[in-house]
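Undergrad: Chain order of the listed sequences is A and B.
Once you know that position 126 of the first sequence is 128 in the numbering used here, the rest is easy, because the numbers rise by one and skip nothing.
Once you know that position 171 of the second sequence is 173 in the numbering used here, the rest is easy, because the numbers rise by one and skip nothing.
A couple of the hints might just be wrong.
The list treats identical chains as one, so a pair stands whether inside a single copy or across any two.
To be verified - The calculated lysine-lysine pairs, modelled on PhoX-like cross-linking and capped at a C-alpha distance of 20 Å, are:
(1) K191 <-> K215
(2) K210 <-> K182
(3) K109 <-> K182
(4) K103 <-> K182
(5) K210 <-> K191
(6) K68 <-> K57
(7) K210 <-> K68
(8) K58 <-> K68
(9) K18 <-> K210
I should point out that these hints are in silico values taken from the structure, not numbers from a laboratory.
There are 2 protein chains.
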Amino acid sequence: MQQIMQPMMTQNSVEKFLDDLASGNPTPGGGSAAAIMGAMGAALVSMVCNVTIGKKGYEAVEAEMKAVRGESESVRRRLTAMVAEDVAAFDSLMAAYRLPKTTDDDKARRAAAIQAALRRATEAPLDCARACAEVIALSRRASEHGYLNVISDGGVGVLAGFTGLRSAALNVYINVPALKDRAFAEQAKAELEELVEFSAAASEAVYKLVRGKLG
Amino acid sequence: MQQIMQPMMTQNSVEKFLDDLASGNPTPGGGSAAAIMGAMGAALVSMVCNVTIGKKGYEAVEAEMKAVRGESESVRRRLTAMVAEDVAAFDSLMAAYRLPKTTDDDKARRAAAIQAALRRATEAPLDCARACAEVIALSRRASEHGYLNVISDGGVGVLAGFTGLRSAALNVYINVPALKDRAFAEQAKAELEELVEFSAAASEAVYKLVRGKLG
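Whole structure, please, built from the sequences with the hints as guidance.
TA: Structure below.
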């Protein structure tokens, strides 16, 4: 039901999306921007593949470019859908905070709803971070083998993917302190920190590879 | 005239923009993605200001938040318009390469057109990089004084701004080697490298500030 109530932000124009981002309304915010940056990274990986496939002199990497494109298009679809999930998760958190808190029963129900919504608002950016890590891995393959004239697009792809990941991380950090389930909170933070650390090194390596090819 | 011929990419839906980015067509590419990431960063700075203005307990910073918002909205407009300029610059470069090259006169005209287009395709991302550096400076002010509950959005803003800058840099690097005006090429590269170096330190400082506030 939640899905139906949400506006499909990604069907709005880029300019309208930017206006909504800039407004004082809480959604869309940094979580949605993170998913879109990840999706832009995935799209640029696909672009490098699409330009390379069928190009003379690149026959040997055609199968690899097709395999990468299959994965980058799949992760792009997932990241695009995450914009709606980011908005829905935030809205359900706001709705939980607005629940009545007069009786003890009210209070218990409200507290449980807040915890469930916080968990959802932690899982959404964590999932975004995981998808962005995939974008980084795919951008390496595209940048290693892709057509040289569009290699800067592979470089922008890895930068967008890594920034999507770090941005998603900030959205995890802002929610975990209020989580009562500390085991889940610590696990989420630990997974995230591992993703950030691994991806920082991986994305710098791709950036250097691309920079080297640009002369 | 060029402007009229260009599709206004930013009036397309986010999903259509991502589809166009992923396609094998050369535009939009990494240069357009760079401008949009910068514009997202500026929009998030504006969001932090908009949420903070009028908030109880933040009266002392209201004038500063209004000043920041005035600048972030101005730079957001410029960055959004840069998507069309990125596409136009690339298209004029492609058009120059397609000019006839039969006679010596043809060749001379074509070479001059290519050099003029290369210069435009270097200035466009350089201008994008300068605007992104402004976004980073504004995100510091927004993150220092903004409402604590949206501070992660200030953090995403600085990450988006810095990635827009590095992405624009890759689009300068790919064009400068073919520039015959080496003085201009070296000057563009030198300005860019200074911008990247300064902004790397500045944006990491804002990120750390935000991360610290998230606990």
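Undergrad: Hint by hint, which ones does the structure fall short of?
TA: Hint check: 2, 7 and 9 fail, others pass.
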